[in-house]
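Chains as they are written, first to last, in this note's numbering: chain L, 285 to 782; chain X, 285 to 782.
Just so you know, the hints here were simulated from the structure itself, not pulled from any lab data.
Any given hint could be a false lead.
Note that identical chains are pooled: a pair holds if it fits in a single copy or bridges any two copies.
Said to hold, decoys possible - Calculated pairs, BS3-like style, for lysine-lysine (alpha carbon to alpha carbon, straight line, at most 27 Å): (1) Lys385 <-> Lys775; (2) Lys382 <-> Lys302; (3) Lys403 <-> Lys775; (4) Lys382 <-> Lys756; (5) Lys382 <-> Lys403; (6) Lys382 <-> Lys668; (7) Lys756 <-> Lys403; (8) Lys668 <-> Lys385; (9) Lys775 <-> Lys756; (10) Lys302 <-> Lys385; (11) Lys668 <-> Lys403; (12) Lys668 <-> Lys756; (13) Lys668 <-> Lys302; (14) Lys302 <-> Lys775; (15) Lys382 <-> Lys775.
Number of protein chains: 2
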Amino acid sequence: MSADDSPDAYDSLLERYKRATYIGDAAGVLSWDQEVVMPEGGTPARSKQTSALSGARHDILTSDEFEADLNAAEDAALSDEQAAVVREIRREFDRAAKVPKSLVERISEETSNALPIWKEAKAEDDWETFAPQVETLLELKREYANHIDPEADTYEVLFADYEPWLDLSVAEDVLEQLRDALRPLIDDLNEADADLATPFDGTYSDDDQFSLAESTLEYLGYPDDHGRLDTAPHPFSSGTQFDARVTTRFDNEDPVGSIGSVIHEFGHATYTLGLPREEYGTPLGQNRGLTVHESQSRLWENHVGRSASFLSNYVDLVNDDLGTDISGQELYEAANQVYPDNLIRVEADELTYHMHIILRFEIERDLLSGELDVADVPEVWNAKMEEYLGVTPDTDAEGCLQDIHWAHGSFGYFPTYSLGSVLAAQLFDAAESDIEGLDSQLADGEFDALHEWLTEEVHQHGARYTTNELVKRATGEEFSADAFIEYADAKFSDLYDL
Amino acid sequence: MSADDSPDAYDSLLERYKRATYIGDAAGVLSWDQEVVMPEGGTPARSKQTSALSGARHDILTSDEFEADLNAAEDAALSDEQAAVVREIRREFDRAAKVPKSLVERISEETSNALPIWKEAKAEDDWETFAPQVETLLELKREYANHIDPEADTYEVLFADYEPWLDLSVAEDVLEQLRDALRPLIDDLNEADADLATPFDGTYSDDDQFSLAESTLEYLGYPDDHGRLDTAPHPFSSGTQFDARVTTRFDNEDPVGSIGSVIHEFGHATYTLGLPREEYGTPLGQNRGLTVHESQSRLWENHVGRSASFLSNYVDLVNDDLGTDISGQELYEAANQVYPDNLIRVEADELTYHMHIILRFEIERDLLSGELDVADVPEVWNAKMEEYLGVTPDTDAEGCLQDIHWAHGSFGYFPTYSLGSVLAAQLFDAAESDIEGLDSQLADGEFDALHEWLTEEVHQHGARYTTNELVKRATGEEFSADAFIEYADAKFSDLYDL
Chain L
285 MSADDSPDAY DSLLERYKRA TYIGDAAGVL SWDQEVVMPE GGTPARSKQT SALSGARHDI
345 LTSDEFEADL NAAEDAALSD EQAAVVREIR REFDRAAKVP KSLVERISEE TSNALPIWKE
405 AKAEDDWETF APQVETLLEL KREYANHIDP EADTYEVLFA DYEPWLDLSV AEDVLEQLRD
465 ALRPLIDDLN EADADLATPF DGTYSDDDQF SLAESTLEYL GYPDDHGRLD TAPHPFSSGT
525 QFDARVTTRF DNEDPVGSIG SVIHEFGHAT YTLGLPREEY GTPLGQNRGL TVHESQSRLW
585 ENHVGRSASF LSNYVDLVND DLGTDISGQE LYEAANQVYP DNLIRVEADE LTYHMHIILR
645 FEIERDLLSG ELDVADVPEV WNAKMEEYLG VTPDTDAEGC LQDIHWAHGS FGYFPTYSLG
705 SVLAAQLFDA AESDIEGLDS QLADGEFDAL HEWLTEEVHQ HGARYTTNEL VKRATGEEFS
765 ADAFIEYADA KFSDLYDL
Chain X
285 MSADDSPDAY DSLLERYKRA TYIGDAAGVL SWDQEVVMPE GGTPARSKQT SALSGARHDI
345 LTSDEFEADL NAAEDAALSD EQAAVVREIR REFDRAAKVP KSLVERISEE TSNALPIWKE
405 AKAEDDWETF APQVETLLEL KREYANHIDP EADTYEVLFA DYEPWLDLSV AEDVLEQLRD
465 ALRPLIDDLN EADADLATPF DGTYSDDDQF SLAESTLEYL GYPDDHGRLD TAPHPFSSGT
525 QFDARVTTRF DNEDPVGSIG SVIHEFGHAT YTLGLPREEY GTPLGQNRGL TVHESQSRLW
585 ENHVGRSASF LSNYVDLVND DLGTDISGQE LYEAANQVYP DNLIRVEADE LTYHMHIILR
645 FEIERDLLSG ELDVADVPEV WNAKMEEYLG VTPDTDAEGC LQDIHWAHGS FGYFPTYSLG
705 SVLAAQLFDA AESDIEGLDS QLADGEFDAL HEWLTEEVHQ HGARYTTNEL VKRATGEEFS
765 ADAFIEYADA KFSDLYDL
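Isolated chain L, as found in the complex:
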């Protein structure tokens, strides 16, 4: 897309938009810093800084000049690609322009403030410390959603911030299908008396696990000149196609958790790194929303990282770094245990995971609608845990305080985790059809063909296509949970001899 054959208004619009993106990405660096390296006492200044960046970005996206360029670009003769760019920018403008800057800055400042309060509340297992902050953020987010669309359901408006091109009804359908299909399967597994291997019975130091995390990333092809590995209380990945970082954390009794989270965050980072560099700052250089993002992390975590073929040789790295002596089959069983009594979402297996999401979705929906009081969250959380998984957390730290999302003000985010998981299965099915011998490649630690397929079908397009368009191009089918349900059923029936 050269300046020569694109309308002036389009070029001018894109320049402004890129500037806004760069400021947003700068805020991303500040957020990484806050979660990974910032000393605690830095919070008051950091809140001001991130809030000022939110405001500056908002100023650009809502300026009269921006709107004029946008209107003129829409009236100009555009290529399909340019039209897609303008579609994305229009959507962002419409949402931004409706929200007053003061509210944007306030949300940014309050979420920055909330982070240390959540950490403290979690450390002290005290929901009451965190509750006022949740109340404030809910109120601000309700206000935010009301500015964007006073007619629409609050949850629906917020959900669209994370997944712009799938209706909330699709998410609701998927969650319902998952509940209906997985609940009986989980019950069956519980009753089955298969004895899966639990080969890790020692203590595994942070240093050894860090080495393993590094080896894992190298094995998968993570480029160390475009990323880095750190530890953080809540693993995440962030960055741009030039610098996509990952974090993990360690449980000294259970190294499987960190292995999974490293491969998961690698999947996110590899998507980010696959976005076209020459489109940095434009919608064509941006990810297609959280469903697709999560599909990439889940594809690597579950369909690669939890597969028997991958683990058959990868186990050598584990044995080298942790000083263990276990087999590929043992690691495969350890990585695929289904634990209905697990309390922590990010440590959940592929099946119960979705129960954790359904619980959060229901609680958030009721919090936003006002049907549920913030003070009652612990009670409702625990009741739902009992209902869906048959287990009640002893503490709120292991219950409603476990996730960082509310401290980030991210209400409406959770369903994209389930959507991403099901999309991962659908995409992996398609990749398996297209790549001959994929399974033995995974066993051999050969990931080039899979990387290429994902880059070709997903990464390189940025936000060129809407979510469902992208899925149809890559798989030939509409977005659906079928592949996941079929995959889960086959895999776990086999593992548990059902």
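Chain L is fixed; fit chain X onto it per the hints.
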């Protein structure tokens, strides 16, 4: 300064100004990240991000609304403190408003690009790789200075970016006095045959030196909830009164270098941390320019850290962390060796240091005026090293490529190092008069009284007073090099038995 008794225009001005400061501080975080943790491949995105922040900050400081508020505030009835705030903002506005935003962004982007090129050139000892970048930055900085004051000398305009309230002629006088006083002293020391102790003859690992750096910071009272220690190729400190970080680097043969740099950066950080928190974002919460900043680092590095009394007990930390067994007197002698044959500015002793500055000052002045070609810098550098210190670097890596400043586009910065050093002596003299038993406090590792004195006399005022006003209030005298020259003469005559 409450909203109740301050004029509306003043309040509005301050809100805008704070927003600009926050964005500038966000850029500071990005710069820390780039120098300390960013993977190399992140540069292209980082350049865009920092440039966008420079532009956003510039937009605020040069907006019509900002100018209108500034004019109105100047016409309002202001307290002395408010008048000082407006004086600082006016100065910044005048400089910013004259420079086109495109130039600001271009400088920011080019300096961000220059950093990896400088690193590469230094690693490969190849000035030619870096030269085109220096040429570009010189041209941009000439243009920049010309916008600010087309009548004035380019160097003078750039110098005022770092030290706004002392004339360049003061710097020139000081440099001349230092040359005149120190050259003969250095010659005398060279001829003296005092045999100072060189107790470090082993190899000291990065890990041990890192531990020592941590112990040193703790000993000095550096608060770990408001700062952090990392390594960087070029030690620096950065941050705000909430989060002031330091970096160091290690020479495995010579631990004295890192000890000095840690105490130096601690001095900077402790100034930053002493700025009033409630004034964060306003001129009253900002430092008083680089002369005063450097006076704080030099005071701690030289007048505390290189003193016999401080080292007498501090040596225990060294012995503990490095596994050595040396005496306080040996460490004192090791920390105060004068090495005219040292090539590296940041490793220079208190005397030859200023020769390094004079050399850079002369080269930069001639580069900016066009009298010196960029291609000829290595030759002129080496000739001046021979002239001032009697030694010629073997490589440009140890010569004209050693400093990061040009990669930052920081031309005109170096004289503040010498100004800061002489001010350190002047302030320390005053502190010694005011604090009874300071010397034995330093021996005992008691720094509270000195911290309090510096906070009271320097830190807490932010940019409330001009440089010379601040000096007069703290010391009762005009800014002068006399105290330093007297101090250096006495100390080194004694050490070298002159």
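### Copy assignment of lysine 385 with lysine 775, given that the CA separation must stay at most 27 Å
neither (50 Å within a copy, 59 Å between copies)
### Query
Quick one: lysine 775 to lysine 756, C-alpha cut-off 27 Å, is that within a copy, between copies, both, or neither?
within (25 Å within a copy, 79 Å between copies)
### Query
Which holds for lysine 668 with lysine 756 at a C-alpha limit of 27 Å: within a copy, between copies, both or neither?
Cα proximity of lysine 668 and lysine 756: none, with 36 Å in one copy and 69 Å across.
#### Entry: Up to 27 Å CA-CA - lysine 775 versus lysine 302, copy category
neither (45 Å within a copy, 57 Å between copies)
### Message
At most 27 Å between alpha carbons: which applies to lysine 668 and lysine 385, within, between, both or neither?
### Response
Answer is neither; intra-copy 38 Å and inter-copy 56 Å both fail.
### Message
Regarding lysine 403 and lysine 775, is the shortest C-alpha distance of 27 Å or less found within a copy, between copies, in both, or in neither?
### Response
Neither. Shortest intra-copy (37 Å) and inter-copy (51 Å) distances fail the 27 Å Cα cut-off.
#### Entry: Within, between, both or neither: lysine 382, lysine 775 at alpha-carbon 27 Å
Close neither inside one copy (47 Å) nor across copies (68 Å); limit 27 Å.
### Message
As a check of your reading, is lysine 756 near lysine 403 (CA-CA no more than 27 Å) within one copy, between copies, both or neither?
### Response
Classified as neither: same-chain Cα gap 41 Å, cross-chain 46 Å, threshold 27 Å.
### Message
When Cα atoms must be at most 27 Å apart, do lysine 668 and lysine 403 count as within-copy, between-copy, both, or neither?
### Response
within (24 Å within a copy, 56 Å between copies)
### Message
With identical chains, the pair lysine 668 and lysine 302 could be close in the same copy or across copies; at 27 Å between alpha carbons, which is it: within, between, both, or neither?
### Response
Neither way: lysine 668 and lysine 302 sit 44 Å apart in one copy and 46 Å across, limit 27 Å.
### Query
Under a CA distance limit of 27 Å, which applies to lysine 382 and lysine 668: within one copy, between copies, both, or neither?
neither (36 Å within a copy, 63 Å between copies)
### Query
For the identical chains here, do lysine 382 and lysine 403 meet the 27 Å Cα criterion within one copy, between copies, both, or neither?
neither (32 Å within a copy, 46 Å between copies)
Hints 1, 3, 4, 5, 6, 7, 8, 12, 13, 14 and 15, counting from the list given before, are not met by this structure.
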